[in-house]
Amino acid sequence: MNIMDHLPALVIAIPLLTAFLTPLIDRVSRKARNAVVFIALALTFILAILLVQDVFDNGIQIYVMGASSTTQTIPTQAAVPIRIVLEIDGLSAFMVLISVLISLLGLIYSFSDIKERGGRFYTLFLLMLVGMLGMELTGDLFNLFVFLEVTSIAAAALIAYEFRRGSTSEAALKYIIISSIGALFVLFSIGLLYGEYDLLNMAAIAQAMQSTHIDKIALVLLFSAFALKAGAAPMHMWLPDAYGEAPGAISMVLIPTTAASMYALFRVCFTIYNESLHAIIPAVIIIFGLLSIFIGVTMALVQDDIKRLISFAAVAEVGYILLAMGVGLYGFLNSEEYTVTALRGGMFHLFNDVLDIGLLFLVAGGVIYATGERSLNKLGGLAHSMKYTSVLFLVGLAAAAGLPPMNGFASKIIIYESVYKVSPILSIIAILASIMMLAVFIKIFQAVFTGPKLTECREVPKPMLASMIALAALIIFFGLFPDMVIEHLVDPAVNALMNYGAYIQAVMGVGT
Amino acid sequence: MSDEKMSVIVQTIAGMLFPMVLIFSFYVILHGHLTPGGGFQGGAIGASAVALLIVAYGSKTIEKKMAEENLSIFESLGGLVFVIVAIAGFILASAFLSNFLVGEPLFGQIPGWGESPLNSGGFLPILNIAVGMKVIGGLSAIVLMLALVSREVKEQ
Amino acid sequence: MIYNIPFFTVVALIAIGMYAMLFKRNLIKMAIGLTIVESGVNLFLITLGYRKGGFAPIFTDLPPDVSPADIPGKMVLPVPQALTLTSIVIGVAVLALILSLAINIYRHYGTLESEKVRRLRE
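So the protein sequences, as listed, match chains A, B and C.
Going by my numbering, the first sequence opens with residue 1, and the numbers climb by one from there.
Going by my numbering, the second sequence opens with residue 1, and the numbers climb by one from there.
Going by my numbering, the third sequence opens with residue 1, and the numbers climb by one from there.
Derived from the structure by calculation, the hints contain no laboratory data.
None of the values given here were measured: they were computed from a predicted structure.
Since no wrong hints were added, every one of them can be taken at face value.
Simulated crosslink set (BS3-like; lysine-lysine; CA at most 25 Å straight-line): (1) B:Lys-154 <-> B:Lys-65; (2) A:Lys-387 <-> A:Lys-462; (3) B:Lys-64 <-> B:Lys-5; (4) B:Lys-154 <-> B:Lys-60; (5) B:Lys-154 <-> B:Lys-5; (6) C:Lys-24 <-> B:Lys-154; (7) B:Lys-154 <-> C:Lys-29; (8) B:Lys-154 <-> C:Lys-116; (9) A:Lys-115 <-> A:Lys-462.
Chain A on its own, in the form it takes in the complex (with noise of 0.2 Å):
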């Protein structure tokens, strides 16, 4: 047994196991317990880095449960793949990057944000875990639906985790009644495009996809289903109050949830249904982006929570991402030569995106541990006692809202680059919502950290400094050297994107 060829099965199995060890674990010893989360999770982002390197140098990986050998993905008896099958493209394996290492830096802050029934917790946390790597991972539709499922039942019960404010219940039941009406419409289409094409495999189905009418009411449920779980506005608004109400790094961590919708849109769009794809579809997508980037914006300016004002810029930045990845489908449709710049600004901003708005919502958890406070009107003068966390603000706003050393920035500048071949007119809105962000966090920043001294409270606990430290570490490094990262990390997942011929042909090539 060669513990490599194990890796897809590994990196969700490892997770899993932990999850349901944790409440034995947590009857005998705390320190116990969070000493096995930690190391399983550190387990599975080595794994994952592996299964990564792994995807990046050898091309697209196949593993199929259950099978005398794991790389065949149609049985001698069969046509078509019966099994379940993983597959992991250079799309796939990006996206399990940005989940498993933000779910770390998130355990690390949760170990001393989280008092009081961690057993439960950490199960939750690594459930949602085994969702999204199971969304990114998997090659078959209905397994897509069941992480799907895993994933928003775990992530309401975490934003209901602090069931002591009646608010926080109040935003997860939205929370899961808008994820269920979701994944019931993917579950619909998914028995449309069954009864059409008695296939559940995404590669199957993109080979065997004819554009009927059929396909096409699978491909709006589908559509709608996951720019919903993504919180794309007009859908958006779940979202401000699950991220506003879950506790501490909760609300980073269901950044990489809703990019895997995401993801799971792209992978709708660009490899199942590819070329076949009716071209309203590349702007329904940029009218999206634009109104989730106007009405994130302009949103953000009212809130007086602070957690809520970070929630709208998420759903801003998220408009960004589908811009770019708007204008990137259209121009995969039409053949147009920015059609790579703009993917790869999507992507990188994709990236970007989970580490500013994840930094910002830590120290914004930050803030509401060390003062048990939420409202900017009665915050003020915190740099006086929390150096670090103010600092550390400052480089999460400046990336957020796209000032020059950060990583923001650069992946900002490619998609105005790359939407401005398109329409002079989305460049422009761009730019000018990325300046009202600037002015959105800056009245953060007075509000909070400026001023004189309202309330006595301490620096927040050496764990969470760490992961605040190590994701601004990772922005600054974006920052300075975009060129290598996206080498190294972008244009493999745009490849993928592109590529989805490599996609079928790793599943369906097999026997022919």
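Here the structure of chain A is known, so what remains is to put chains B and C in place on it, guided by the hints.
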């Protein structure tokens, strides 16, 4: 859910029915690989037995007998067995979740045409038992907690 | 025609469920609406796999007068049934979560009307 105990007649009959329902639940779980049913269905039947007790005896009495934490532990054990068996698939055989017990003396038989021996199906019975444990534990804990909390809310 | 009735039922169930979710203000009624939509989708999946005069897909438990050669094309598709079962299991988990959240909301706000609950506006 009832917030107080029901009459002695109901309690006695519920106590008598409880083992029978559980036995039926085990039957459905253990025959999961041969007949309609399986871990989830059998587990749901088992949890309904617990729900019956809650209705008859009141949620507080049942909470004392089977603490919610114990049910959660039982549930986690079920999940743990499932994942361990799945991982054993690639340690002992070829791939994650591959059926490594086929051909072994204990469960290795493959059920043939029109015959249904219980000791067949490879690791499927083990997975069914694991799922059954998880569902009995999980659903019972859910029902118990909902009963306890709604009773608490009513008292407020 | 008669074989289309399940599909009409699917449409009716989804429409009724959607109506309940969109226009009912009580949280429990919204949960019921969600369950009805889910039943509609589950029925749709089951109907997809149906074959006229087919057997239940249990290899060891077929009618005695059937021989192995008859099986191809005669068995109801098992995959949609597996999908439905999975979706039912997920539905149970979602419903339990929604109900427990609704109980918690009732504990804090003393009401289940979504209009009165909304603290998180804008």
